[in-house]
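Q: Sequence:
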Amino acid sequence: MDFTLSDEHRHIQETIRDFGEREVKPHAAAWDREERFPHETVKRLGELGFMGVALPEDVGGGGADTLANLLVVEGIARYDASLGLTVASHTGLASGHINVFGSEALRRRYLPRMARGEWLGAWCLTEPGSGSDAAALRTRAVRDGDS
Numbered sequence: 001m002d003f004t005l006s007d008e009h010r011h012i013q014e015t016i017r018d019f020g021e022r023e024v025k026p027h028a029a030a031w032d033r034e035e036r037f038p039h040e041t042v043k044r045l046g047e048l049g050f051m052g053v054a055l056p057e058d059v060g061g062g063g064a065d066t067l068a069n070l071l072v073v074e075g076i077a078r079y080d081a082s083l084g085l086t087v088a089s090h091t092g093l094a095s096g097h098i099n100v101f102g103s104e105a106l107r108r109r110y111l112p113r114m115a116r117g118e119w120l121g122a123w124c125l126t127e128p129g130s131g132s133d134a135a136a137l138r139t140r141a142v143r144d145g146d147s
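The numbers in the sequence shown follow this note's numbering, run straight up by one, and end at 147.
In case anyone wonders, no lab produced these hints; they're calculated from the structure.
By construction, the Cβ of each residue, glycine as well, lies at the ideal position given by its N, Cα and C atoms.
The reader is advised that the hints may include incorrect statements.
Distance windows between CB atoms, simulated [unchecked claim]: (1) HIS9 x ASP144: 39 to 47 Å; (2) ARG108 x PHE3: 31 to 39 Å; (3) THR4 x GLY102: 32 to 40 Å; (4) VAL142 x GLN13: 29 to 37 Å; (5) ASP144 x ASP18: 43 to 51 Å.
With the hints as extra help, turn the sequences into a complete structure.
A: The following block contains the structure:
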């Protein structure tokens with residue numbers, strides 16, 4: 001089996017490494033210290049196409065493969081593990097599941113903005129007393145007006 005990265009993968013790896021050096025590494029410690037989420041950095045990742053790199057092009061994604069997405073997550077996590085997990089949750093769990101399991105209407109409504117980093121997806125699985133045991137979750141979503 002050949003594990004050599006393609007030219008596209010190497011380009012993604014180099015670009016995300018440069019981004020991490022310039023826009024993540026200098027700020028990561030302060031984000032943690034100040035308990036601040038880097039919204040502007042996530043938005044910039046979206047502008048560069050990294051928040052939807054593996055989503056199909058028809059919904060605004062980059063049309064790349066899973067390895068490309070993993071290279072983005074790895075490249076960001078090298079400088080800030082929390083931000084890497086944010087990207088992984090957004091691209092793999094949230095937008096990834098909408099892409100695979102969502103209706104066409106949901107895909108068209110959510111994925112373009114998620115791919116651009118305008119909307120950030122999350123994966124809500126844990127709560128006190130259940131850890132990551134989805135069957136033990138007690139939280140429920142209840143519609144309350146237009147919120």
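Q: State, for the Cβ atoms of ARG108 and PHE3, whether the hinted interval 31 to 39 Å holds or is violated.
A: Since ARG108 and PHE3 have Cβ atoms about 36 Å apart, the given range 31 to 39 Å holds.
Q: Has the hinted range 39 to 47 Å been met by the Cβ atoms of HIS9 and ASP144?
A: holds, 45 Å
Q: Given a hinted range of 29 to 37 Å, is it respected by the beta-carbon distance of VAL142 and GLN13?
A: violated, 44 Å
Q: Per the hint of 32 to 40 Å, is the separation of the Cβ atoms of THR4 and GLY102 within bounds?
A: holds, 34 Å
Q: How does the Cβ-Cβ distance of ASP144 and ASP18 compare with 43 to 51 Å: does it lie in that range?
A: holds, 45 Å
When each numbered hint is compared with the structure, a violation occurs for hint 4 only.
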